[in-house]
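Chains as they are written, first to last, in the working numbering: chain A, 1 to 302; chain B, 303 to 604.
Some clues are possibly wrong.
Sample of chain B residues facing chain A (criterion: CB under 7 Å; computed from the structure) [stated by the list, open to error]:
#, residue
1, A329
2, V331
3, L338
4, A344
5, T386
6, G415
7, S421
8, D436
9, P440
Honestly, the hints are just simulated from the structure, not real lab data. Cβ coordinates follow ideal geometry from the N, Cα and C atoms, glycine included.
2 protein chains.
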Amino acid sequence: MARIQDALSSVLGAPPDQELWIGDDAAVVRPPAGWLVLATDATVAGVHADLSLVGIDDLGWKAVTAAVSDLGAMGARPSQALVTYCLPPKTDVDLLNSGVAAAAAAYRCPVVGGDLSTSAQVVVSVTVVGSVADGPPPVRRSGASPGDVIVVTGPLGRSAAGLRGLREGPSAAAPADLVAAHRRPVARLAEGEVARLAGAHAMMDVSDGLSIDLDRLARASGVGVRLERVPVGPGATLEEALGGGEDYELLVVTPDPDRLEDALVDAGLRPPERLGTCTDRPEERLLEGRPLPRLGWEHALE
Amino acid sequence: MARIQDALSSVLGAPPDQELWIGDDAAVVRPPAGWLVLATDATVAGVHADLSLVGIDDLGWKAVTAAVSDLGAMGARPSQALVTYCLPPKTDVDLLNSGVAAAAAAYRCPVVGGDLSTSAQVVVSVTVVGSVADGPPPVRRSGASPGDVIVVTGPLGRSAAGLRGLREGPSAAAPADLVAAHRRPVARLAEGEVARLAGAHAMMDVSDGLSIDLDRLARASGVGVRLERVPVGPGATLEEALGGGEDYELLVVTPDPDRLEDALVDAGLRPPERLGTCTDRPEERLLEGRPLPRLGWEHALE
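This is chain A alone, in the form it adopts within the complex (with noise of 0.2 Å):
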């Protein structure tokens, strides 16, 4: 981990008493109660974000919110992180330090160790450790059934049209609201908690896309979908709504969306948008009685 703990020395808090955080071999923590639930992510500049619309700090708030949001999808709380840095030299270290420490602040997930090599491409990797520790287990992506109604706990396409906004450049004055979804999306662990609690049978966050990323629950719970509505964050296009991807909102699939809504609102979250049902016929993906576009991002090796 050589000069990691250098590089990384804005991001570090101090570790509690017999924890050992960055700066050895390896850092040591207290193990959480109940399940642990681990998840990485590698986002990568030219392929995840373009640096010449968005900074290397929000490339980090990005990578960390990736990487958390996945333990938000299960219902998870993460308890720490892990980041590998590969940078061309001359990269804005501190700057992207102030990203990855904003969002492990806001996301109360310390960042405990690291490593820190030279590349041609800016890649941030980052793992986040938590865990499940009362009530129900983890929310898998393979429990809908038939039956169960489908709901996202936000708009779509809000990235996307940001995205969008910086690309028409300076003159086209995108707003603000949707620059700052593109640049810091956020992921959604108090809703996936409370959806956890509220007997949720299958959750995932939206990270490809609502086509691709719902097609992947659909498929690994054997079900149908029929979606009557998709909520089109404001600014945001259909198309953006539906293949966008990276807005980190969770689809949640429950047998009691009322439920749901009240535990969220007494949480003082946003009530859930509701999409549609599962169905008991595993190939059917339907819009308003015709096929669901096949948008989104499929990272694949061809």
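Model the placement of chain B on the given structure of chain A, informed by the hints.
Frame of chain A; chain B shown alone:
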């Protein structure tokens, strides 16, 4: 984690009952007893491995080894690995997998999660989760005291000698055992655990070179270092032993080297090589009475 389960299919085993490995938003595993020990390591083609000389399977082996070795250096045992692959199009993922899978099997550290992205350069980032359940706590770099004896778990420089042989080309006919030391270095997990149980004061792995790594340990502990000898591996030079790194042998500092030697031999492991002692002069770095040359790898962003 789009398609990473396909990419990693040959790496994956079947999870124990109720656990969830790759294929959902996050992995769910039982938490270990005792301290949770976490390490992460990035391996970059062109920086940590020359793919014109070694296979991408070797890069995969080394990426897992480097992260596992960080746990070994605390006296911890690994339990799960998460990997991110950032790969250019047309990369031989099956070959990369074969190296990752071989290492995961060798270290009994299954791959339970991962992520996949395209990139311009091969970057494999590995996070290892493990634990220390019984006996003394994880062994830090900072515990060495003046008078303690410094040992290493095996001779040094063989990985660097193997790389030199590969660079000299086929006509040089580098000895197969040296080439193997470079392509498939072995993390000293059993040795680390035995050393912790035998009361080691400080420990770290030799990944960047003896001179630099020993300097880091001495700084963390606030001690000086007086070496009487360096165990140069057969076929290696003194310079390779001091600066080559990547042997992944463990530097162990102990008040009782006889007890450590007995414990290692009793466990069927190689007796350690004694290097010298820690002194009460924090600036001292001597080899046979002369200044210890500062050789090795320092990963910094200039």
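Would you check whether V331(B) satisfies its interface hint, that is, whether its CB is within less than 7 Å of any CB in chain A? 5 Å, holds
Hint check, A344(B) versus chain A [nearest Cβ-Cβ separation less than 7 Å]: 4 Å, holds
Supplied contact hint for P440(B), tested at 7 Å Cβ to chain A: 5 Å, holds
Would you check whether A329(B) satisfies its interface hint, that is, whether its CB is within less than 7 Å of any CB in chain A? Since chain A brings a Cβ to about 5 Å from A329(B), closer than 7 Å, the hint holds.
Per-residue hint verdict: T386(B), partner chain A, C-beta under 7 Å: At about 4 Å, which falls below the 7 Å cut-off, the nearest Cβ of chain A leaves the hint on T386(B) intact, so it holds.
Please verify that hint: S421(B), Cβ, nearest Cβ of chain A, below 7 Å or not. 5 Å, holds
Given D436(B) as an interface hint, is the shortest Cβ-Cβ distance to chain A below 7 Å? It is violated, given that the least Cβ distance between D436(B) and chain A is near 14 Å, above 7 Å.
Hint check: is the beta carbon of G415(B) less than 7 Å from a beta carbon of chain A? 6 Å, holds
Could you check if L338(B) really has its C-beta closer than 7 Å to a C-beta on chain A? 4 Å, holds
When each numbered hint is compared with the structure, a violation occurs for hint 8 only.
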